[in-house]
Amino acid sequence: MLNDKSILITGGTGSFGKDFTKNILNNYNIKRIVIFSRDEFKQDLFKKELSLMFPDKIHKVRFFIGDVRDKDRLYRAFTGIDYVIHAAAMKQVPACEYNPFEAIKTNIHGAQNIIDAAIDKNVKKVIALSTDKAVNPINLYGGTKLVSDKLFISANAYSGGTGTRFSVVRYGNVAGSRGSVIPFFRSLIQQGYTELPITDLNMTRFWISLEEGIELVLKALKESKGGETYISKIPSFKITDLAKAMLSTCTLKEVGIREGEKLHEVMITKDDSRTTYEYEKHYIIYPNLEWWNKSEFFSEGGKLIENGFEYNSNNNNQWLDENDLRKKIEKIGL
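Residue numbers (UniProt numbering): 1 to 334.
If you're looking for bench data, these hints aren't it; they were derived computationally from the structure. Some hints could be false.
Below, in silico cross-link-like pairs of lysine-lysine (DSS-like), each with a Cα-Cα straight-line distance of 25 Å or less [claimed, not checked]: (1) K150 to K105; (2) K270 to K244; (3) K244 to K225; (4) K294 to K222; (5) K244 to K328; (6) K219 to K303; (7) K150 to K60; (8) K270 to K327; (9) K48 to K124; (10) K222 to K244; (11) K31 to K219; (12) K327 to K18; (13) K281 to K222.
Make the full structure from the sequences, and use the hints.
This is how it looks when you write it as structure tokens:
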């Protein structure tokens, strides 16, 4: 699928971008992979890391300084690119709340720039990473990602039947990534704390590892026809069980939900259920738009889910207990 292809990752020095790059270099004979991001220091560190890990392939990696807000720079970077993975975003909820115009410039205007550049530069496919916070958003970050998702889905109507195909992959905080609670708990434990703060004792989350997130993106790259939103079937867990899995003797202190924080993660709403199909290991939400043609864009093998179904971390049929979480944390080296 990716052999002899050119791939570009926006936000390529983030947690996802780094692991995705390593996966591609390990498993495919690519033509080149472009790391597009705005932090030259992170790019330098990543280049040194890849040089040690892949001395015979580092010549295939390009480090491109740029910002998704800069359309001209994107046009230059997208020249000759087959596939784009759009992972760049302002993701920190408090930062987006305090700097709303900046969040809009990156998450919304940046998405539009990606779309324009991809269509005009004849990119084959764009896979945009989304978040559970885009579903029924209660904070600005979620609101900007909702708009971003809508832009990417509707972009298929503008690219034409044989043009660039755009799809979305949605999941919550990746276990162990900078935005997850695991590194925070780990830091407190290493400092000797035995009491861990929990924003709400009833809080639940979905569990997805970076490896599982990468697998879903690769599936979307391989199978997408345009307009899909891919969602993995993944287990849920209680935040209290996660804390106990990391330190069995800890005590828990409820500190109150933070600004813009949800009690449970939602990946599929009841309204989305009317156009959501279930597959063996994932769901796909198809667009309910005039241009979408089932005979052209539908992936066979799916079953329409029950009307009114909501994929919520609190009503999931798969759960991880303390022991399960402990094993998973050990497996990913956290």
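> Broken hints, numbered, in rising order?
Replying inline: Hints 2, 3, 7, 8, 9 and 10 are the ones this structure does not satisfy, whereas the remaining hints hold.
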